Every structure is written in C-alpha cells, then in structure tokens.
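From just these sequences and the hints, can you work out the full model?
With the sequence shown counted from 1, adding 217 to any position gets you the working numbering.
Per label pair, the in silico range of CB-to-CB distance:
1) A313 / R278: 30 to 40 Å
2) H315 / G280: 33 to 43 Å
3) V290 / R310: 17 to 27 Å
4) A266 / K328: 28 to 38 Å
5) D256 / I219: 18 to 28 Å
6) D256 / R345: 32 to 42 Å
7) P255 / R345: 34 to 44 Å
8) G280 / G351: 31 to 41 Å
9) I219 / E298: 23 to 33 Å
To be clear, the hints were calculated from the coordinates, so they are not data collected in a lab. Nothing here was measured: the structure is a model prediction, and the numbers come from that model. Just so it is clear, CB atoms sit at the ideal spot from N, CA and C, and this is done for glycine as well.
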Amino acid sequence: MIDHARGFVAALAEVTGTIVDLGSGGGTPGLIIAAERPDLELILIDRRAGRVDVLDRMIARLGYVSRVRTLCVDASDLVSEPWAPVDAVVARRFGAAHKTLAIAQPLIGPKGIVIVSEPPAAERWNERTLAGLGLRRRPFDVPLGTGRVAVFERST
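Shown next, in the form of structure tokens:
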C-alpha cells in the first residue's frame, strides 16, 4: 500500500501548493504524500465521520496539523468550495473512473492535475469521456517499485 502511494508522490514531483485526497479512508495516499512532501498542504476528504475522526487523530499524532486537514463530506456534494481551486486531486480506489474525474475536474486550477490509481483494464480511460470533461491524459512513467497511477490535466 505504501509503495502504491509512492506512485502518487512521484506524479506530484512538480506540484506545489494544495492537494486534495478524495475518499481518504485510512489515509492512503494522503498521509504518505504528507510524510514525503512536507512542502505541500493537504485536504483529506471522506464522507464517513468515523474515518475522518481517525484521520484527525493520526494527523495530530504525526504532527501534520499545520498543513493537513480533513473534511467530512460526500465528495459528490463539493461545489464552489472556498479552498478551491487546488493544484492537484488524488484518488485511490475512490469509484468509477468517470465519476472520479467528474468530481475532481472542477476542483483543480488551470494548471492543476488529477492523479488516480491506474486500473488493470485500459478501456477505463475513454477518450470521449475525457474530452467531455475537458481533460486529457498526461504521459507519466511510474518509477519501478511504485503503484501504477494515471495523470490527467485540463485539455483547454
């Protein structure tokens, strides 16, 4: 799981600023990103209050309170948030590809990226769907030993 999260960290190499982790669950990849990129601010989002409570305690215990925070909200309800746009959105096992990208796309700024777990089936990233969302896939070579991720950017 940590090796997979490092794929997200690698994809964020040129990103600065604020990152949103959709469906944070137990904190992967968000907390791994926080550990390996102390220069970034993170917002971990999950709709389950119990998970958010655990994340809050982990954030405090790890000493990340000044740069990592949580939101207990269903990600599909995110609309014109005061903290948006952000520099990147990450999602690991969040949901169907089109749903994940449709929720993430409005949250990123003009130069922002969306990074999601790469599925085993290539047909998941339908070019028509991407075009309809105003996104395109950005080439990214995942470092050996890390999890497979796909990176998307605005096409306009």
